Amino acid sequence: MFPIQRRDFIIGGSALLALGPNRNAWAQAAPAMTPHEKELYEAAKKEGGELTWYTAQSDDITAQALGRSFEKVYPGIKVNVLRTTAQVAYQRVTQEIKASAIQCDVLSTTDIGHCVALKANGSLEKYVPENSSKVLDIYKNYDPDGTYFVTSAGMIGIGYNTSKVKEADAPKNWTDLLDPKWKDNIALGHPGFSGYVGTWTLTLRNQYGWDFFEKLAKNNPRVGRSINDTVTMLNAGESEIAGSGPVGTLMESVQKGNPLAMIYPTDGTVLIIAPSGIMKGCKHPNAARLYMEFLMSAGASQIWVDHFNETIRPEVSAPKGVKSAKDLKTIRPTVDQIVKGIPEVIKQWRDTFGV
Amino acid sequence: MSRLKLTGVSKRYGDFLAVDGIDLELQSGEFVSLLGPSGCGKTTTLRMIAGFVDPTLGAIEMDGQILSSPSGSVPPDRRQMSMIFQSYAIWPNMTVEQNVAFGLELRKIARAEVKRRVGEMLEVVHMNHLADRYPAELSGGQQQRVALARAIVIRPSVLLLDEPLSNLDATLREEMRFEIRRLHDEFHVTTVYVTHDQAEAMVTSDRIAVMNHGRIEQVDVPRALYDRPKTRFVAGFIGRTNFIEGSSDGHQIAFDGFALPQSSFERDVAAGSKAVFSVRPHSMRLSETPPAERNGAVGVVVVERAFLGEHWDYVVRPRDGAQTLRVTTSPMQDFPIGATAWLEFEPRQMALIA
Amino acid sequence: MTDNSLDVRAVNFAGVASRLRRLDASMLLWLALIAVLVFLILNPVLRLIVSSLQETDTGHFTLANYRSAYGSLRHLESLAHSLELGVGVAILATCFGVPIAWAISRTDMPCKAFVRLMVFAAFVTPPYLGAIGWILLAGPNSGWLNKVWMALTGASHGIFNIYSMTGLILVVAVTSFPYTFVFTSSALDLVSSEMEDAANILGARTLRTTLRITLPLVTPAIIGGIIISFLEAIALFGAPALIALPARFNVVSTQLWQFFEYPVRVEEAAAYAMPLLAITVLMFWVQRRILGRRGYTSVTGKGSERRMIALGPWRWAMLAYALMVCALSVFLPMLVLIQAAFAKAWGRGFSLDNLTLHNFYYLLFEQTQAKQTIINTFLYAAITAFAAISLTLAIAYVVNRKLVPFSNVLAFLCMAPFVVPGIVLAIGFYAAYASPPLALYGTATILILGFTTRFLPIAYTSSAAGLRSINPEMEEAVRVLGGSRLLAIRKVLIPLLKKSLAGAWILVFIPATRELSSAIFLVGPNTRVISVMLYDLSEEGNFEVLAALGVILLVVTVVIAAIGSKVIGRDFMLRRNS
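Chains as they are written, first to last, in the numbering used here: chain S, 1 to 355; chain D, 1 to 354; chain B, 1 to 578.
FYI, nobody ran anything at the bench for these hints, they're computed from the structure. Everything numeric in this text was worked out from a predicted model, so none of it was measured. Ideal Cβ placement from N, Cα and C applies to all residues, glycine included. Some hints here could point you the wrong way.
Label-pair ranges, simulated between beta-carbon atoms [stated by the list, open to error]:
#, chain 1, residue 1, chain 2, residue 2, range
1, D, 133, B, 87, 52 to 60 Å
2, B, 166, S, 217, 19 to 27 Å
3, B, 281, S, 217, 36 to 44 Å
4, S, 328, B, 87, 50 to 58 Å
5, D, 187, B, 166, 53 to 61 Å
6, S, 323, B, 321, 55 to 63 Å
7, B, 60, S, 206, 34 to 42 Å
8, D, 107, B, 316, 28 to 36 Å
9, B, 211, S, 169, 57 to 65 Å
10, B, 321, D, 133, 36 to 44 Å
11, B, 558, D, 57, 42 to 50 Å
Given these sequences and hints, build the entire structure.
If you want it as C-alpha cells, here you go:
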C-alpha cells in the first residue's frame with residue numbers, strides 16, 4: 001500500500017514506541033502505493049500540497065497521529081488537523097457553506113446524521129475510495145451513493161475510577177447508573193456538543209425510554225461537553241463513574257498509568273459508527289480523496305488500534321487484552337433514527353438537565 | 001503665655017537642612033508672616049506647625065502644651081488649627097456649603113447649629129448666594145473665600161495660610177489681601193501666613209519674619225523691616241534698595257564717587273573700617289539745581305529712566321563714580337537720559353547693614 | 001537679503017477657489033474617517049439590529065426572533081444569570097481593586113512594586129485560563145484546596161465548589177479587578193495630598209478622610225471601574241462556558257453560542273443579543289446621571305504634590321489583604337496551572353515522577369496547529385494594536401484640534417464599541433462581512449477588523465489623553481516658521497507622543513492576545529488564536545496540554561510587555577519607572 005523504507009520503519013517504529021509499550025509492530029510489510037494512489041498523490045502535490053481535516057472522531061492526540069502518519073506516507077502534503085466535538089465541527093462546516101467559503105476538505109464526524117444532511121443539500125462530493133471495499137463488513141455500504149464512508153468506530157461503556165470504587169461495587173449495566181449511591185459522582189458528556197454522546201443518549205432512549213434520563217438527572221451528574229470530558233473527570237477524581245465512558249480514551253488513559261477501568265454493560269455496549277466525507281467545492285479535492293483512502297487503510301486502522309479505538313480493517317486486530325466490537329454485545333441506533341433522533345434528544349436533554 | 005511658640009525648630013532631610021533653628025513666638029490674635037524666597041524653608045516650617053511634618057530638633061508649643069518635638073507630636077487632626085492651602089484644596093465633589101460645614105460636622109455639632117454658623121460665615125465672606133454651587137462653578141477669588149470660610153468657621157486656635165494668593169491675578173490679589181486681614185481682625189485669629197510676596201506680607205501682617213536658607217534673618221514690624229533692615233538680604237528682599245559701600249576715616253565716609261560726613265549718621269563707623277548701607281530709592285532726592293547743603297549731595301548723570309505712572313524710576317551715576325544708584329521721583333520731575341542733576345541723601349534713612 | 005514679502009496667493013484668501021480648497025481638504029478628511037468608522041462600527045451594529053428583525057433566508061420583517069428568543073423561560077433565566085454575574089463581579093472586583101489602589105497610591109504600604117506586578121499578572125491572565133486554574137483548585141471533589149481541606153479535617157467532601165455562580169463570580173472577578181485597580185489608582189494619583197490635609201487639619205483622621213474625601217473624589221473612576229467590570233462580565237464567554245455549563249446554568253453568552261449551533265440562527269442570536277446592548281447603554285446613562293454637575297478634578301493646577309499616608313501597623317494589614325487578593329488571582333491558579341503544564345497527569349499531584357516536558361514538546365513540535373496558532377495570536381494582536389492606535393490617533397487629532405465641523409461625532413463613534421459587548425460585536429461582524437460580497441469568513445482580516453473595533457475605545461482614550469497633554473503651541477511654533485501641518489505632526493507631535501503611544505499600544509496588545517468572546521465567532525481553521533485553541537482543548541479535557549499552552553501565552557505576553565515597558569520607560573499603567 002505504501003512503500004516502507006528503512007527510514008520510515010525506524011521513524012514509524014520509534015513513534016510507536018514513544019506512544020507506549022504493547023504495540024503491534026508493523027510486522028507485515030505493507031503493499032506499495034497503488035497506481036490510483038500515486039495518481040492522486042501527484043495531483044494533490046500539484047494542488048498545493050495541503051489538506052484541511054475537521055475531525056471529531058478521536059481526541060487531539062490520535063488525530064494528530066493520523067495526520068502525521070499521512071504526511072510521512074505522502075511527503076509533501078501538509079495536513080491541518082482540527083479536532084473539535086462533532087457539533088462544533090458541523091457548525092463550522094455549515095457556516096462555511098453559508099458563507100460560500102469552504103475551508104474544510106475532509107469532514108470526519110461522529111454523528112452520521114450530519115453526513116446525511118450534508119448529502120441532502122448537496123454539500124458532499126461523491127468519491128468511492130479503493131479501500132472502501134476492504135473494510136470490515138459491518139462498516140460497509142452506509143451510503144450507496146458514495147458521498148460518505150465509515151472511517152472510524154468506537155464504543156461507549158461505563159468507566160470508573162479504581163482507586164475510589166471497588167470492582168465488586170461498580171455498576172454492571174446502564175440501569176445501575178440510576179442507583180442513588182452514585183449521586184453527585186457521575187460524569188457525562190453533552191449531546192449538544194458531542195456526536196458520541198448524542199448517539200449514546202439516543203441508544204439509551206431507545207432501550208429504556210426518556211424516563212431513564214429523568215431518573216439519571218436526579219443523581220445530579222456532572223455534565224461536560226465532549227465525551228472525553230468524562231475521562232478527565234475520572235482522572236481528576238472529580239467523579240467516580242463515567243456514565244458515558246469512551247472506550248478508546250479511557251483505555252489510553254489507563255495505559256498512561258491512571259487508575260481507571262472499563263465496564264462493558266450487560267445490556268450492550270454502545271457502538272458508534274463514525275463517517276467521513278469530502279466537502280464539495282473544497283480547495284484540495286485530490287488531497288481529500290487521497291486522505292479518504294488513507295483513513296480506510298490498514299495503516300490508519302493500526303493507529304486507531306494503538307489509541308484503543310476500533311479497527312475497521314480485518315487485517316488489523318486490537319491489542320492483547322483489549323476487547324473489540326466483534327467480541328462484545330453492541331447496541332446502536334439505525335441511521336434514520338440518528339438523523340431524526342439526535343436533534344430531538346438534544347432538546348430533551350436541555351429540558352431535563354437545564355443546560 | 002504666648003499662643004504659639006517655636007523653639008530651635010530644625011528640619012533635616014538627609015543632607016539637606018531645610019529649616020535651621022527657628023525661634024518664633026506669636027501672641028494670641030497676632031498676624032505673623034513668614035516671608036522669603038522659594039526654598040527658604042517657610043512652607044516646611046508652616047507644615048511643622050500644622051503637624052504634617054515632625055521637626056528634627058526643637059519644639060513647637062501652643063498655650064504651653066508641646067505639640068511637636070523630635071520624639072513625637074500631636075497629629076494634625078487634633079491640633080485645633082486650620083489651614084489654607086496654595087491650591088485652596090476645596091473639595092470639588094461638595095458644594096460650597098458642604099465644604100464649609102465639614103469641620104463643624106466633625107465636631108458633632110447639631111445640624112441646625114451647623115447650618116446657622118455656615119450661613120453666618122458665608123455672609124461674612126460674601127458667598128452665601130453661592131452656597132449651593134460646586135467649586136468648578138466658582139472663580140478663583142470665590143474659591144479662596146470658601147477656603148477662608150471653611151478654615152475660620154471652626155474657630156481655630158491658629159490659622160495657617162500657605163501662599164494662598166499666588167494663583168490669583170494682581171487685582172484680585174490686592175483685594176484678597178485686605179479681605180484676609182479683615183477676617184483676621186473680625187475674628188481675632190492667631191495667624192501664620194507664608195508668602196514670597198513682600199507687599200502681601202506688609203499689608204496683612206502685624207509682624208514679619210524674613211527667612212532665608214532655613215533661618216529667620218529678622219522678625220519685626222513691617223515699618224522696621226523696611227527702614228531698619230538688619231541684613232543685606234532683608235534690605236534687598238523688602239522693597240527695592242541700593243547697596244553702597246563706604247570706608248570711614250573717622251570724619252567722613254567715602255563712597256564710590258562721593259562722600260558723606262560721619263556726623264550725619266546716627267551710628268559711628270569705626271575709623272579704618274568699611275560699612276555697607278542700604279539706601280531706598282525714594283529716600284534720595286533728585287534736583288536740577290544744587291542743594292544748599294553741599295555736604296549731603298553729589299552731582300550725577302542720568303543713565304536710564306522709566307516712567308511708571310505714579311513715579312519716575314531713574315538710574316543715575318555720580319559724575320566721579322562708577323556705581324549706579326536707583327532713584328524714584330514724582331511724576332513731575334522729568335530728567336532726560338544724559339542730563340546732569342544733583343542727588344541729595346538723607347542719612348537718617350540710610351540703614352547700616354554691615 | 002531674504003525676501004520677507006508675503007506670497008500673493010496666500011493673501012488672496014477671499015477668493016472662491018481658495019475657500020473651496022480649504023473646505024475640500026477638511027471635508028475629505030472627515031468623510032474618510034467617517035467611512036472607516038461606519039464600516040467598523042455602525043454597519044455591523046445596524047446589520048445586527050436589522051437581522052434581529054428579519055426572517056431567516058427570506059429577509060422579511062418579523063418579530064418572531066424576539067418571540068422565540070424571549071419566549072422561552074430558559075432564555076430569560078440565562079439573562080437573569082448574566083445580570084447576577086455582572087453585579088457580583090462588579091462588586092467583588094471593586095472590593096478587590098479599590099482598597100489596593102488606595103493602598104498603593106496613597107499610603108506607605110510596603111512591597112508596592114511586587115503587588116503592582118501581581119496586578120499586572122492578573123491583567124495578563126485571560127479569564128478562561130483563570131477558570132481552568134480554579135477548576136483545578138476548587139473542583140468539588142478533586143480540587144487541590146478541597147483535597148487539602150479533606151486531609152486536614154478528615155471530611156469526605158470538599159467545601160469549595162467552583163461549579164457554581166459564586167465560583168464563576170470569583171473566577172471572573174479575580175481577573176477583572178485590574179480594571180478597577182487601574183482606573184482608581186490613576187485617578188488617586190492625581191488627587192493632591194492637600195485635599196486630604198485640608199480634611200486632616202479640620203479634625204478628620206485617616207479612615208474618615210479616605211471615606212469622605214479621597215474616595216469620593218475619585219468617584220467617576222470607581223464608577224467607571226464598576227461599569228467596565230460589569231460589562232466585561234456579562235459579555236464573557238470562556239469562563240462561563242467552562243464553569244457555568246457543568247454547574248448546569250447558562251448565561252447570555254453561552255446561550256448565544258447555542259444559537260450558532262446548527263442550524264445557524266443569526267437572526268435569533270441578534271434578537272437575543274439586543275438586551276446586552278441595551279443594558280450597556282443604560283449603564284452609561286446611569287453613570288452620567290450619578291456624576292452630574294459635580295466636578296472631580298482639582299480645580300487649580302498647583303499643589304498637586306502627593307505624599308504617602310503613614311499607616312503605622314495597619315500597613316501590614318493592607319499588605320495582607322493585597323496579598324490575599326494576589327493569591328486568589330495569581331499565585332494559586334498559576335501554581336496549579338504550572339503544575340499541570342509540567343505534569344504527565346495532573347491528578348497525580350506534585351511528585352517528581354509526574355514531571356515531564358512532553359506537553360510543551362507536543363505543542364511546539366507535534367501538534368500541527370499550535371505553532372501557527374501562537375504566531376497568529378501575537379501577529380494579529382500586534383496588527384490590531386497598530387491599526388487601532390493609528391486610526392484613533394488620527395481621529396483624536398482631528399477632534400482635539402477641531403479640524404472639521406462635528407468632530408464630536410467621530411469621537412462618539414470611536415467610543416461607541418464600548419457599548420457593544422465583544423460577543424455581540426462579533427455576531428454583527430459576522431452578519432455584515434462573513435458572507436459575500438466581502439466574504440471575509442475565516443480570514444485574518446475579519447478577525448483583525450473585529451478586534452480593532454473592539455479595542456477602539458481603549459485606543460481612542462489613550463490617544464486622546466496623550467494628545468491633550470501636548471500643548472498645540474508646539475505645532476503652532478512650527479507653522480509660524482513656515483512648516484506645514486503634516487510636517488509639524490511628523491517632526492514635533494509624533495516624537496513627543498512616542499512614549500504615550502507605546503503605552504497605548506501595549507494596552508491594546510495585551511487584551512487582544514487573550515480575547516476569546518469575539519474571536520470564537522470569527523476564527524477560521526487557519527486563523528485560530530490561542531484563546532480559541534485553549535477553549536477547544538478544554539473540550540476534551542486535556543488539561544496538561546492546555547496548561548502548557550496557557551503558560552506559553554502568559555510567558556510570551558509578559559516578556560513582550562516587559563520589553564515594551566522598558567523601552568518606553570513606563571509600566572503598563574503608564575507611570576514612570578521609578
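Here is what the structure says about each hint:
1. D:133 <-> B:87: 52 to 60 Å: violated (35 Å)
2. B:166 <-> S:217: 19 to 27 Å: holds (22 Å)
3. B:281 <-> S:217: 36 to 44 Å: For residue 217 of chain S against residue 281 of chain B, whose Cβ atoms are near 39 Å apart, the range 36 to 44 Å holds.
4. S:328 <-> B:87: 50 to 58 Å: Holds, at about 52 Å.
5. D:187 <-> B:166: 53 to 61 Å: holds (58 Å)
6. S:323 <-> B:321: 55 to 63 Å: The hinted range 55 to 63 Å holds for residue 323 of chain S and residue 321 of chain B, with Cβ atoms some 57 Å apart.
7. B:60 <-> S:206: 34 to 42 Å: With a Cβ separation near 40 Å, residue 60 of chain B and residue 206 of chain S satisfy 34 to 42 Å, so the hint holds.
8. D:107 <-> B:316: 28 to 36 Å: Once the Cβ atoms are compared, 32 Å apart, the range 28 to 36 Å for residue 316 of chain B and residue 107 of chain D holds.
9. B:211 <-> S:169: 57 to 65 Å: Check passed, 59 Å falls within 57 to 65 Å.
10. B:321 <-> D:133: 36 to 44 Å: holds (39 Å)
11. B:558 <-> D:57: 42 to 50 Å: holds (49 Å)
Of the hints listed earlier, the one the structure fails to meet is number 1.
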